[in-house]
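**Student:** Once you've looked at the hints, dock chain B against the given chain A.
In order, the protein sequence lines correspond to chains A and B. The opening position of the first sequence corresponds to residue 0 in numbering that gives the first Met the number 0, with each subsequent residue numbered one higher. The opening position of the second sequence corresponds to residue 0 in numbering that gives the first Met the number 0, with each subsequent residue numbered one higher.
Quick caveat, the hints were computed from the structure, so don't treat them as lab data. Source: prediction; values computed, not measured. Idealized CB from N, CA, C, for every residue including glycine. Do not take every clue at face value.
Here are a few chain A residues that face chain B, going by a calculated C-beta distance under 10 Å [as the list claims (entries may be wrong)]: (1) 343; (2) 344; (3) 355; (4) 404; (5) 465; (6) 469.
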Amino acid sequence: MIGIKAYGAYLPKYLLPRELISQAWDFPLVPGNKAIANVDEDTITMGVEAGLDCLAGIDPKSIDGLFFASTTQVYTEKVSASLIADVLDLRENIITADFTDSTKAGTTAVARAVEAIKANKDIKSVLIVAADTRNPEPSTMWEFGYADGAAALLIAEEDSLPISIEDYYSISANVTGPWKRNETDSFIRTFEPKMDAQFYIKSLTTVISEVMKRNNLEPAALGHVAYNYSNPRLHASIAKMMKFPQGVAQNGMFFQIGDLGTAMPFMLLISAIKRPKPDAKVILAGFGDGADAILMQIQDKKLVRDLGKDHIALGYQKKMTTLKNYNVFIENKKLLKKDRYTRKSSAVIVWREKDSIYQMYGNKCKKCGAIQYPRMMPSCFECRTIGEFEKIKLQLKGTVFTFTLDHLVGGNYYETPVPRCVIDLDGGGRILLDMTEIEKPEENVSIGMRVELTFRKMHEGGEFHNYYWKCRPERGRN
Amino acid sequence: MVRNGIKDKVAIIGADMCKYGERFDKNQYELLVEACDGAFKDAGITKDDVDAAWLGVFYYFTGLSGSTLEDALRLEGKPVTRTENYCASGMDAFRNACFGVASGAYDVALACGVEKLMDEGGSGLPGFKIFGHPLYPLPSAPAMFCMAATRCFHEFGWTKEDLARVAVKNHDNGQYHPKAHFRRPITIDQAMKAPMIADPLGRFDCCAMSDGAAALIITRPDLAESYAHADDYILVKSNSISVYTMAPWYWPSYDFTHFPATEKAAEMAYKEAEITDPRKEIDLAEVHDCFTITELLNCQDLRFCDRGKAPEELKNGTFNWDGETAVNPSGGLKSFGHPIGSTGCRMITEVTKQLQGRAEGRQVPDAKIGLAHNLGGAFSICSTTILGQRD
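Just chain B, with the same shape it has in the complex:
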């Protein structure tokens, strides 16, 4: 599927994110400015150096079309494309920006994402009344992933405590990230006793509703030397997206104990990045943990561990920030919430800082190769990005 690919053809020269949280006093344009300004400063450029931009936005109330970015930055009519691909909307903005730069069409591109979830109120993802088929059931987002949890409990004997450990690990990591929404550790007991959202997932098994934005500046490696991060720009090793059905519950043979989109995206990404043993070769991974069950299954589908073994590996410390494969050293969606359009760019920003050794207070030791991963819809769409240090 990957023909020529984009391995080592794109360099990240600037990255930043806004403070994540319930940003009631800021609108989407202000959050975009916060993130983009940070990224411009990081790269040592101004907005006038940007040739083209891609913007990830999921919800109609956050913004429609590229004008959402124009109304934040005033780019003098430069090209802006809005991308929407469920939870991978932000990472797909980055992916398309990479193609813009790798093709030689543009020298400097901006990839960013934003979402103002709290503008529609906080009890679960809004909009479910408005989209989708008028009659076929449209389960809430947690309910979709619960169908996998119920099946994994049945097939692998996993328990609520196995899920709780994911939440405990990620909140433990999140306390050290200054931009995280939640910065307090929790206990297994707290996680297990929280109110139910969709059986068997309780409140701490679900990521929160948050506002946020993140931005990345990219260019070609031969140009990267002339910007601020000449010595420590980050190279894109691969970038893949895999798209499956939005209605896996109609798929007669689907077993609900793995995510085909993650498996496929990982296969493409590893092939392009020439990674054969992901558990050993990948030092840290920002893995989509919209729900605790999602992280466990994704770790298996990304081949960090064997099928059915994720809870055991988690318990043994494999996925701790200082473990064999650090999973969500930032604190993940559990600590940042999931402002949908922004999350992919936020993850890539985090991996960039880690590989540059600039993740103060949460630095994964000796991080050379990192992975960012989004899974959206009803496990429908997976985007995976692998980054590495410059030679």
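This is chain A alone, in the form it adopts within the complex:
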């Protein structure tokens, strides 16, 4: 059967209470919070986090493809899926593609993954990573909704799977709104929100009805339905029109974390199947210039529940920090005009050293056994033997050996202090990393502190995006 083998999710560290937006612009109070990415995060870094979570306990070399879905991909020419596949340490002979420009990109990617697996005997599994970080225009109502996050589904063909994919159905619907032009638009625009609302309801009800009809399903047979969610009233009206029983249409997360765009249907699905209903039918649906509905079947309730043990997924919610200040949001979204620190870079070096920079491989000395990093230095630190190394995968967690809080970043005083931490990695290897997402570092960074590595955007040197690892206080990723 073909279905979902594993899932993963990532929510950034910070929650912005919507009342801070109301206060900032003198808007009516809106309840709940939304998740916002840090200044060093984008869809690549959040996608890597969701991918790492999804592949916990799974050999990345066993994956045959990676599809990336987003409306806020960081390059218009250059495949994000390839970059994420590199960091996740997937094989070279895999299929990759980016599904972009629509908030249904995630569900579209799922359907295409099923087809790839059916059509090609060499493809048994495709990892789908959906991530979005859509910037709302400040002082508009859009600010209350747009949030940041990522989710991943591993679609595979195996004899037994927790959830099978039974059917899918799609439509195309061309309507101008919402849109964002490459050259001229800083923010998403819309012409007539009421028309957008109508298309949202019509498109999703069409595909969901069709997939139910051709599988002879009554609403009572559905355990969980997850579809894009940007407005509570519109979301509820679909559930009402479709006569879904109470609790079937997944709706809790919008108030807690906001609208994650492309990642939203995945996130709602993952949230729902944390408590799976036995033998239930599940519909995953995506909307955006058309719609997809994917019908699934819970095969084994215990297997589905066990998935939650390997993957922290929404467990991140417990480790989020609620912001007390609206300005942090403006800063994280780079909406403040500000000079930013950029180093030089070289695409040649990044490519040549990708096994150290992206994949966290180190060296193990064949003579003395010392494990060390990075791989660019060809002689052993400990026994000085030249060129007798074997390549070894390092672990993404460790303990602070020594540190400083650096107020001088590149000779300039901003975004400081930056904790610079010398970390002894679990299982061997020592590394120097900046620490991110640490509040009051003067009080909270210490020798012996436990940290985990997180993939982040470092700078824009060389006029391209430069990514590397930082460390953060443990959030509990496996």
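**Tutor:** Relative to the frame of chain A, chain B by itself:
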């Protein structure tokens, strides 16, 4: 490692430095002229007596290649080599000049160094955006040394007050040096309350950004008698350099509580100079104090005191200008700042004056053997020079 060495094969016959400070109105060539002219006068020679020159420069904006000195002095196409070895750039210029003279290839050599740090603005060492690996973190210079401070606080129980005492001692000495950038004493309280640069190092734990140049004229001892300092030329007893990794934070077993480069350079220098008890035999030392923690650890690694004991010895006065081993009687980098390419030559100039008894207002009593020491990079490179009086 030291085979034949250069002990007693090289004599310093002229030495001088420019006024250190924020020399906004002078360029690198003018500072070099100020220092070199002083050294020529001290030696009683002119630039035409120089056979070859070595120039220490660290930053690309101060100068690239030997032409930087040619454009200051116009040496008629004579040999000039630029040396760059982090903070030891100036002392490495001197070391290479020594080899030029000791080999007999040249009779008179000029060793000098210059840096115009203020030309790039003053908030921390410039250039960190441009060099280094594009992605691996490149901590600021204070942040590098702070990693040692954090670890020493943890291992030895040292405190911010221990660090502050280094700054107080050096600024106390610096007030008597007419060429120093800063000539005002400070208090422990001032040092401890200063704004943080990189925890736990505050502003007074860090040397300042300054401009400066220094120059030395050397020859062979048999020729030295025919120059101005026939009676009090200074002999080079040893000159060593030790080079380790620029990335000690990847070294799995490194403990961050000692500097291997200083230990190794000291071992080589003491062996060549036949010094067995440095604390007793060395009367004064210009020790690299880019940061207060650096001086404390260097004093231990130079074997002036036992491991972990430097703060205690400092408190007891061992390293005062009239103590058992005077450390930085000039005021050190704390008082002069650290125009990188010049600092090594500035230290050797200072030790020369002290051994000649010409350190007016700051003379270390009965100084016969002196040491100059640079530590650069991420504790990567150490250069150590030992000087003594002529027989």
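**Student:** Taking the hints in turn, state whether each one holds.
**Tutor:** A quick look at each hint next to the structure:
1. Annotation: interface hint on residue 343/A holds; nearest CB of chain B at approximately 6 Å, less than 10 Å.
2. A cut of 10 Å between beta carbons decides the hint on residue 344/A: the least distance to chain B is about 4 Å, and the hint holds.
3. Given the 10 Å rule on beta carbons, the hint for residue 355/A holds: about 9 Å separates it from the nearest Cβ of chain B.
4. For residue 404/A, the shortest C-beta to C-beta distance to chain B is roughly 4 Å, which falls under 10 Å, so the interface hint holds.
5. Among the interface hints, the one on residue 465/A holds; its C-beta lies about 6 Å from the nearest C-beta in chain B, closer than the 10 Å criterion.
6. A cut of 10 Å between beta carbons decides the hint on residue 469/A: the least distance to chain B is about 9 Å, and the hint holds.
In terms of the numbered hints stated before, the structure departs from none.
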